[in-house]
Amino acid sequence: MAKSKSAIARMQAYRSQTSLLIAATLSLGLLHSSAHAETPKDVLIEVAEHGPNSLDAMAPAANEFSQMTSWQIYDRLITHGTKTLPDGKVMYDATKIEPELAKSWEVQDGGKTLIFHLREDATFHDGSPVTADDVKWSFDRAVSVGGFPTVQMAAGSLTDPKQFSVVDAHTFKITLPVADKLTLPDLAVPVPYVVNKKLALQHATTDDPWALKWTSLNDAGGGPFKVGSWKSGDRIVFDRFDNWKSGPTPALKRVVLREITSPGTRRALLEKGDVDVSVGLPPKDYAELAAAGKVNVIGTLMQNEQFNVDLNVTMKPFDDKRVRQAIAYALPYDSIMKQALYERGRPLFGADPTTPFPPKWPVASKYNTDLDKAKALLKDAGYADGFKSDLYIDMSQTTVQEPMALLIQEQLKKIGISIEIHKVPGSEWFAKMGSKSMPMDINYFYGWLDYPEYFYFWTYDGKNNSVFNTANYSNPELDKLIEQARFESDPTAYDAIITKMNTIAMDDVPRVPVAHLYSDIAMQKNVKGYVYWFHTHLDLRSISKE
Amino acid sequence: MALSFAKRIATAIPSIIGVVVVTFLLARALPGDAAAYYAGSSATPESIAQIRNALGLDRSLWFQFGDYTSRLLHGDLGTSLSSGQPVFQDLVTRLPVSIELTLCALVFAMLIGLPLGIAAATRPGKAIDHLCRIIVSVGAAFPTFFVALGLVYVFYFRLGIAPEPLGRLNDTYFSIPPTVTGLYLIDTLLAGDIQAFWASLSQLMLPSISLGLFALAPIARIARASMLASLSSDFCRTARAMGLSRARIVYGYGLRNAMLPVVNILGMVFSFLLGANVLVEQVFAWPGIGAYAVNAVITSDYAAVQGFVLMMAILYILLNLVVDLAAAAIDPRVRYDG
Numbered sequence: 001m002a003k004s005k006s007a008i009a010r011m012q013a014y015r016s017q018t019s020l021l022i023a024a025t026l027s028l029g030l031l032h033s034s035a036h037a038e039t040p041k042d043v044l045i046e047v048a049e050h051g052p053n054s055l056d057a058m059a060p061a062a063n064e065f066s067q068m069t070s071w072q073i074y075d076r077l078i079t080h081g082t083k084t085l086p087d088g089k090v091m092y093d094a095t096k097i098e099p100e101l102a103k104s105w106e107v108q109d110g111g112k113t114l115i116f117h118l119r120e121d122a123t124f125h126d127g128s129p130v131t132a133d134d135v136k137w138s139f140d141r142a143v144s145v146g147g148f149p150t151v152q153m154a155a156g157s158l159t160d161p162k163q164f165s166v167v168d169a170h171t172f173k174i175t176l177p178v179a180d181k182l183t184l185p186d187l188a189v190p191v192p193y194v195v196n197k198k199l200a201l202q203h204a205t206t207d208d209p210w211a212l213k214w215t216s217l218n219d220a221g222g223g224p225f226k227v228g229s230w231k232s233g234d235r236i237v238f239d240r241f242d243n244w245k246s247g248p249t250p251a252l253k254r255v256v257l258r259e260i261t262s263p264g265t266r267r268a269l270l271e272k273g274d275v276d277v278s279v280g281l282p283p284k285d286y287a288e289l290a291a292a293g294k295v296n297v298i299g300t301l302m303q304n305e306q307f308n309v310d311l312n313v314t315m316k317p318f319d320d321k322r323v324r325q326a327i328a329y330a331l332p333y334d335s336i337m338k339q340a341l342y343e344r345g346r347p348l349f350g351a352d353p354t355t356p357f358p359p360k361w362p363v364a365s366k367y368n369t370d371l372d373k374a375k376a377l378l379k380d381a382g383y384a385d386g387f388k389s390d391l392y393i394d395m396s397q398t399t400v401q402e403p404m405a406l407l408i409q410e411q412l413k414k415i416g417i418s419i420e421i422h423k424v425p426g427s428e429w430f431a432k433m434g435s436k437s438m439p440m441d442i443n444y445f446y447g448w449l450d451y452p453e454y455f456y457f458w459t460y461d462g463k464n465n466s467v468f469n470t471a472n473y474s475n476p477e478l479d480k481l482i483e484q485a486r487f488e489s490d491p492t493a494y495d496a497i498i499t500k501m502n503t504i505a506m507d508d509v510p511r512v513p514v515a516h517l518y519s520d521i522a523m524q525k526n527v528k529g530y531v532y533w534f535h536t537h538l539d540l541r542s543i544s545k546e
Numbered sequence: 001m002a003l004s005f006a007k008r009i010a011t012a013i014p015s016i017i018g019v020v021v022v023t024f025l026l027a028r029a030l031p032g033d034a035a036a037y038y039a040g041s042s043a044t045p046e047s048i049a050q051i052r053n054a055l056g057l058d059r060s061l062w063f064q065f066g067d068y069t070s071r072l073l074h075g076d077l078g079t080s081l082s083s084g085q086p087v088f089q090d091l092v093t094r095l096p097v098s099i100e101l102t103l104c105a106l107v108f109a110m111l112i113g114l115p116l117g118i119a120a121a122t123r124p125g126k127a128i129d130h131l132c133r134i135i136v137s138v139g140a141a142f143p144t145f146f147v148a149l150g151l152v153y154v155f156y157f158r159l160g161i162a163p164e165p166l167g168r169l170n171d172t173y174f175s176i177p178p179t180v181t182g183l184y185l186i187d188t189l190l191a192g193d194i195q196a197f198w199a200s201l202s203q204l205m206l207p208s209i210s211l212g213l214f215a216l217a218p219i220a221r222i223a224r225a226s227m228l229a230s231l232s233s234d235f236c237r238t239a240r241a242m243g244l245s246r247a248r249i250v251y252g253y254g255l256r257n258a259m260l261p262v263v264n265i266l267g268m269v270f271s272f273l274l275g276a277n278v279l280v281e282q283v284f285a286w287p288g289i290g291a292y293a294v295n296a297v298i299t300s301d302y303a304a305v306q307g308f309v310l311m312m313a314i315l316y317i318l319l320n321l322v323v324d325l326a327a328a329a330i331d332p333r334v335r336y337d338g
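Those protein sequence lines, which keep their order, are chains A and B. Numbered continuously in the UniProt record's numbering, the first sequence closes out at residue 546. Numbered continuously in the UniProt record's numbering, the second sequence closes out at residue 338.
Read the hints as simulated data drawn from the structure, not as lab findings. Treat the hints with care, as some may be off.
Simulated DEER-style distance windows between Cβ atoms [as the list claims (entries may be wrong)]:
no. : chain 1 : residue 1 : chain 2 : residue 2 : range
1   : B       : Val22     : A       : Gly382    : 46 to 54 angstroms
2   : A       : Ser437    : B       : Gln195    : 32 to 40 angstroms
3   : B       : Thr181    : A       : Ser165    : 37 to 45 angstroms
4   : A       : Ala204    : B       : Asn53     : 14 to 22 angstroms
5   : B       : Leu315    : A       : Lys413    : 47 to 55 angstroms
If we take Cβ atoms under 7 angstroms as the criterion, some of the chain B residues that face chain A in the derived model are [stated by the list, open to error]:
no. : residue
6   : Ala54
7   : Leu57
8   : Ser60
9   : Glu164
According to the in silico footprint, chain B covers these stretches of chain A (three or more CB under 8 angstroms from chain B) [to be verified]:
no. : segment
10  : 222-233
11  : 264-272
Ideal Cβ placement from N, Cα and C applies to all residues, glycine included.
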């Protein structure tokens with residue numbers, strides 16, 4: 001690429017500055033390094049802010065990139081097909097379920113029994129065959145280790161090792177207490193993946209019966225890629241597993257994920273062509289890169305996602321619905337879209353007030369910036385002179401959330417509300433969310449499974465009241481509807497329930513919707529085959545370079 | 001000499017114990033809840049409690065402290081949650097990375113700072129003195145990460161004469177040398193891989209300069225001040241009166257006597273740089289201890305924070321020892337027995 005062009009300049013620089021020791025050594029070093037060719041076609045270099053802290057997403061402290069790693073090195077029973085959106089972007093298809101390790105499956109007993117027929121030729125990376133015994137052990141493990149994996153398994157009604165049984169060496173059976181439409185999709189998330197039981201058990205101890213310590217540091221998978229090398233905090237190298245049977249052989253032979261904290265450096269590396277893919281840049285960079293057109297920026301609307309301002313309904317004055325609605329009428333939506341999000345999202349406000357809410361999620365609210373309405377509502381609620389409150393933001397998200405918080409602070413001043421902004425460090429953020437002690441905060445949530453009631457369950461449900469319900473919202477009527485929707489099989493009745501849920505959520509506004517964000521990624525133009533997945537990470541199986 | 005050496009080590013022990021206690025307490029005083037952080041997305045109160053239990057965070061502070069110190073005595077610094085590796089191993093692999101960068105920065109700062117300071121002192125009030133003052137002010141005024149980003153922009157992004165800021169060595173083109181010292185400049189030479197040596201040297205250039213500019217100011221200023229003091233002292237005046245050559249006076253008498261404060265400040269600057277390279281490491285994807293420590297603090301990674309502070313404290317104590325020995329070698333008047 002641009003390297004050869006500068007070689008002459010470099011030579012000249014070298015000659016003219018030999019008197020300076022520094023310049024001389026610099027150029028000498030560079031002359032030697034200039035022998036580079038472009039990165040090979042079957043090697044992909046990706047840069048991200050962080051990398052995995054465990055090779056097994058089951059480990060208690062495993063981070064998001066551990067899930068990404070597990071996605072590449074382990075197989076799941078099933079996976080999803082893809083679909084092409086009208087604008088040409090490709091995303092996974094939640095409605096299409098396709099074989100991965102299981103070549104076929106049967107649904108019996110009105111959905112209460114699932115039987116999976118495994119590929120007979122599939123092997124783990126160490127060469128040993130994959131059997132139903134490995135699958136059973138892996139599933140037992142997922143429901144037993146506790147923490148996030150167990151919670152995620154429960155989302156598909158998978159809670160007890162007794163539900164899993166081995167029929168024969170290549171047949172695996174799941175029984176459910178009640179038919180659950182989330183079970184099958186839940187088998188395709190990066191949790192119920194198949195671990196090499198024999199290999200893992202060699203490293204199990206009484207304290208650690210599931211061998212999590214060992215699998216955190218070692219590859220016990222049978223997926224399309226194996227871990228070539230890993231230096232935590234620096235890089236991880238994936239090498240193609242040439243003997244992979246659960247899908248078409250990936251085009252890439254090797255993928256290097258480098259951790260680079262500085263977003264400016266990640267962007268420079270991409271623009272110079274020294275890396276192929278850069279993930280996790282601030283929206284401003286994506287907007288500018290997309291406008292410049294030198295690299296491809298693919299922004300897919302995240303599924304089941306809402307970016308919003310939470311109002312804690314158990315704290316004064318937000319315990320009054322009119323105050324919450326006043327805030328919803330006061331937010332400076334347009335400037336947030338432009339100055340904080342750089343339009344890397346779709347507005348979730350200003351819907352037509354006369355039409356009912358559609359039976360989907362996320363939906364746009366019917367609020368729009370209208371300070372007169374906001375003032376009237378505040379007066380009604382007895383806050384004609386305004387009030388004081390605190391707005392919390394996640395320090396690891398300051399590039400977006402800080403300008404947004406300032407815009408909100410500025411705007412609310414106009415109706416007498418004075419806001420103090422608090423930046424919470426990353427480690428404290430989840431604790432703060434869990435304690436429900438923030439009167440106002442900026443937050444977002446996205447669901448792996450694409451069902452409105454799944455989103456509601458995590459964020460609006462008062463019975464569940466998970467950490468994501470930062471508004472501390474509880475409404476028995478809504479809770480009942482969420483439960484109903486989960487097991488409603490009649491599509492018309494289901495749609496009616498969802499519309500009802502949306503109506504309640506938008507009228508009560510414990511969380512004021514602002515935008516539906518893009519999952520952004522930037523790559524060189526010769527990188528093909530990017531598919532948006534619900535977990536928002538790259539799926540190396542489908543990537544190739546021209 | 002050996003006795004004084006032992007004495008000095010003995011005086012270091014209370015400070016190490018103090019550091020152990022203080023870092024343990026400080027790590028607990030960090031804001032945030034490590035268990036909640038690591039329970040992460042979809043956390044439930046049960047999963048948080050489970051992690052708290054697994055980390056031992058639900059036990060009493062005394063129990064945690066006792067547990068910590070007994071492990072420490074066995075050389076176990078615990079496991080870092082953010083990297084998933086034993087802290088000891090993390091520090092051992094990352095420390096040489098930072099030391100190599102810091103040493104290169106120090107060499108750069110000395111190569112520029114010492115001659116500059118000396119030249120300024122020999123011609124006070126002249127052009128070179130003003131130049132020294134300007135360079136010192138600019139070097140001290142610009143934050144290192146700003147300089148680092150600026151250098152990346154100009155030399156890598158615009159001019160394309162610096163290698164990509166992708167860490168120590170681009171392993172797509174060069175093979176990483178087998179670890180002997182952990183310093184690539186030495187390891188590549190030991191492995192006989194001249195190409196990799198030049199490549200890692202060129203990777204070191206920009207980060208060293210960004211960091212070195214920061215160290216330039218104290219070195220040049222101390223060199224200038226101590227050189228001035230030395231040149232205006234009685235023995236130099238006598239030497240001048242005896243008609244000795246200017247070079248003899250400046251280098252033979254002035255410089256030798258001026259070196260003592262310079263060596264003292266070098267020890268300070270080195271440990272200062274080890275701490276200050278955090279942002280430079282982030283810009284250049286340098287996998288050293290600076291980036292590691294920052295991440296540990298942000299994520300309430302207790303074991304990593306404690307390990308880092310402990311290591312730095314021990315390093316600092318050793319460094320002081322080295323500086324004192326060097327000072328004694330330069331000036332026989334500096335004695336430990338006194």
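Structure-inconsistent hints, enumerated in ascending order: Checked against the structure, the hints that fail are numbers 2, 3, 7 and 8, while the rest are satisfied.
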